[in-house]
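There are 2 protein chains.
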Amino acid sequence: MKHDYFIALEQKNNSQLILHDVIEQLAFNEQGLIPVVTQDANTKSVLMLAWMNKESLQQTLITKRMTYWSRSRQRFWIKGETSGHTQLLVSMAFDCDGDSILCLVEQSGAACHTQRPNCFYLKVDADSNQVIITNNTDPL
Amino acid sequence: MKHDYFIALEQKNNSQLILHDVIEQLAFNEQGLIPVVTQDANTKSVLMLAWMNKESLQQTLITKRMTYWSRSRQRFWIKGETSGHTQLLVSMAFDCDGDSILCLVEQSGAACHTQRPNCFYLKVDADSNQVIITNNTDPL
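Chains as they are written, first to last, in my numbering: chain S, -14 to 125; chain P, -14 to 125.
You may find that some hints are simply not true.
Note that the list lumps identical chains together, so a pair holds whenever it fits in one copy or between two copies.
To be verified - Computed cross-link-like contacts, DSSO-like style, restricted to lysine-lysine with a CA-CA straight-line distance of at most 27 angstroms:
1. Lys108 to Lys39
2. Lys(-3) to Lys108
3. Lys108 to Lys29
4. Lys49 to Lys108
Don't read these hints as lab results, they were simulated from the structure.
All chains should be built: construct the whole structure from the sequences, respecting the hints.
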């Protein structure tokens, strides 16, 4: 990880950096990917976790349509390209270590391919040592 | 990825599974790790993204104190063990593919090691092609 770069930023409140320079320093993994947390800008619900490579990150910034890298299909994945359930980028932030991205989005329809509002529908009930498969309209 | 297991769950609304069985099917990566999104249960702010292995996941469920695996230090990382900024687990959910975890927590103090409320303080301004280093009290 290019960690020293981000350590040097910690005390620089309100400084401005060139976006391209920061993207070059992000900690893409051995497959060239970085995890992206996608959050609904209105409800604040965490919709999904997916991955981007540098090119899909740049495409997302240019088009404002969330564009991931599909690890299972090994290709670009413009969210909603088949379902119509698109995600419009509202804002993006990188974390302190430069190894993850948070995107707030306007979600059209269901974020999950199962038609549930978000992907985190397998709820742990630690007291009973069970997992409940929810329809995801329940609060977490 | 043990994807077939999770595909088989998609239509089983309100079913209950044995927690141990689901954990055994989670898609831990080659390093035995799975990404964890940690969200403030009160504010709904996404605080950080970190990683767990199977043992730290089990410790988190038993102790209710968020316990990650530190990739930089290669050891268990009980959040707040030195800073006092602990995270009490409120609820946990797995996603549709079994390859990420969402935890809602009660956060004590700052989630970020820089003393900012959360780790996502490097805000992208796509219009100006800049990144702003915020003190993180600003909305995203």
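Against the structure, the hints come out as follows:
For a Cα distance limit of 27 angstroms, the shortest separation of Lys108 from Lys39 across copies, 17 angstroms, qualifies, whereas the shortest one inside one copy, 32 angstroms, does not. When the C-alpha separation of Lys(-3) and Lys108 is checked against a cutoff of 27 angstroms, the pair qualifies only between copies, where the shortest distance is 13 angstroms, while the shortest distance within a copy is 39 angstroms. For the identical chains of this complex, Lys108 and Lys29 are neighbours both inside a copy (18 angstroms) and across copies (17 angstroms), given an alpha-carbon limit of 27 angstroms. Taking identical chains as interchangeable, the C-alpha atoms of Lys49 and Lys108 lie at most 27 angstroms apart only when they sit on different chains, with a minimum of 15 angstroms there against 31 angstroms within one chain.
Checked against the numbered hints above, the structure breaks none of them.
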